[in-house]
Amino acid sequence: MNVRMLDKLDLPSLLERLAETRRLIAPVVDRTGARFAPIEDVASVRWDYRNTSLSAKGIVFPQTEPLLAFRNGEAEERIPETPSTVLFGVRPCDARSLTLLDAVFRGNGIDDPYYAARRGAITVVALACNEPGPTCFCTSVGGSPGDESGADVLATDLGGGVLLRAVTDRGDALLCDLDVGRPAEDGEIEAARENAAQAAARMAPVQVPTDSSRLLNAFGLNLWSDVAAGCIGCGACTYSCPTCHCFDITDEQKRGTGRRVRSWDTCAFPLFTLHGSGHNPRPAADARLRQRVLHKFSYCPENFGQAFCVGCGRCVDHCPTGIDIRRILARLDEVLATDSEVG
Amino acid sequence: MSEVQDRLRQRVAELLDGGTIDLFIGYASADAPLKTAVHVVRSSADAEALVWDARCTSNLAALLPDLFKRPQDQRDEWAAPRVGILAKGCVSRSIVGLIKAHQVPREALHIVGVGCSGVVDRHRAARLVAPAQLSKVEFLGDGRVRLHATDGSEQDVDLAELLLEGCLECRHPNAVLSDESIGEPTTAADGSRFANVKSFASRTIDERWEAFRQEISRCIRCYACREACPNCYCTECFAEETSPRWIGVTTEPSDLMLFHLGRAFHQAGRCVDCGACVSACPQGIDLRLLTQKVNEDVESLFGGEVGVSVDRLEPLLQFEMADDEGFMTEP
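Just so you know, the protein sequences line up as chains A and E, in that order.
Counting in our numbering, the first sequence runs from 1 upward without gaps.
Counting in our numbering, the second sequence runs from 344 upward without gaps.
FYI, nobody ran anything at the bench for these hints, they're computed from the structure.
Keep in mind it's a predicted model, so treat the numbers as computed, not measured.
Glycine included, C-beta positions come from ideal geometry on N, C-alpha and C.
Please note that a few of the clues may not be correct.
Said to hold, decoys possible - Residues on chain A that point at chain E, a partial pick, calculated with CB under 10 Å:
#	residue
1	Trp-47
2	Ile-189
3	Arg-193
4	Arg-314
Claimed, not checked - Far from chain E, some chain A residues (derived; all Cβ distances over 10 Å):
#	residue
5	Val-104
6	Arg-170
7	Leu-223
8	Glu-302
9	His-318
10	Leu-336
To be verified - Per the computed footprint, the stretches of chain E lying under chain A, defined by three or more beta-carbons under 8 Å from a beta-carbon of chain A, are:
#	region
11	497-503
12	531-543
13	592-599
14	641-655
Modelling step: build the complete structure from the supplied sequences, incorporating the hints.
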């Protein structure tokens, strides 16, 4: 696998060449902060951002996606035609989240054609973190600032230069094709490792409960009404989350013509589980927040073998009432470890 | 500030131990820069976590209506709780609105008023350090704040530069309705109001349309603005009604615009400009431009501020023969 060292001054020309031959999606900064956007002018790409306000999941799983169009009883599927794309500069937590979304949309005998079309076209160039943010906790949920999972190429900012390490065959092919920089030296590869290790050391660890059999019994604990006391039932946590993947399907029609649309949905909304009868099995915020936490840390480990949290901290950043999943996990861990009635 | 905080903790513990209230709604610290958590205190020991400072942005009145709804599994033996709440000026005005709208019984509330000197707009602070993120914020005293960023940089700014726009125009920093007060009253700012509306109105119609289109395009339909607002207590929101379906579920421009215009119009004669929607929005959308436009219209057409007196009907709940009707034909 290629490991290349690129002078930072050569970065714009690298991006130019990527943008000429492929669709380039990279971080830009506007008055809301950093976000991913299709790039027309490579000068707008930011390399110095901490993390984007929203995750990268909308690129493979858009918030609004027409599935099919229909007219007078005839339906036509709308599989997206996605050009070959490079997702450049995504943080390791977001890159790893793509592997989790893959398990949902392209695993267990399922192959979602809409997701597959978008995901299959993407080569991921992840950007290792040299400095964690105040709400980052990737190291407590199986990730790290230099994690390679989900990345085809992992880039590390080494000050004057950028180390580009091919992780997959696809990433290796990209580096061969671009033929940039020079082969990296051992000291540079070591420096990248050291950067990631130092960033990891600066992150506060979170106690995450992992015993899935005991976690299954967390459903009946008393703590949920307490931790959800401030929850107002908005979707800021789930919609900013890189791994939350629930959706709704709606038909929009007018006189026999219309379309079927898939859109993000969230367990935080009362409507999510409201039955036609008027009964709601999750009648209040405590049951809904419990669903979010246990889905990530209990049901997904059962179904997919992994917790569905990459520790990006966005739900903590965005919660309007200051609910902090790190605190919930620590409390859950404590209760499960000491409560003899559980498990 | 910390004297007020100490007194608050002590009083809440007394109110709970003395049986005056069953629970108290306040703020506690959070492990993220410029954030606090909504804190519901049920025992006097929990009162120790209460805080009161410029990070307390949530409008706590938004939690009230749900507390007075009988749970679906408790039909007979349910009694409404007695609720204590910390109320800065805008929160108290929202409580006044909720009482008049019969969403909250006055007799079940114990309102602890507190003078407010304005709260921080985290989006403004974030813009000062972007593209890095805030890693830590220190309140230095004397109205100065030190912002530490993830790129290692730090800068000192005036607290006034970080406040919510609405706080700079606030005329009611103290509770307009309370059972007791903590700390000294704050002096209200005596500046101009509706500065943002006036500045926006001075632009051409094309510029305004483009600005509105761009601002709204960032919306992710998370409804944090709606849920953070004490006025949004409807059991079913027009945005989610399915028969008839007023608006679609997508993030396409027509759906986003319809939601935000609908939300703003439903605030007419009810919004107290607390800024909770602005603070709640994960995308930093300038929601206040729309709500202040309807606020200005209501005030200039029908007179009177909303939520300042329990005894007086709000402007849009009254009718006078001389009322201006021009808005129907001359938008």
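**Message:** Let me make sure I understand: some of the numbered hints might not hold for this structure. Which ones are they, in numerical order?
**Reply:** 2, 3, 9, 11, 12, 14
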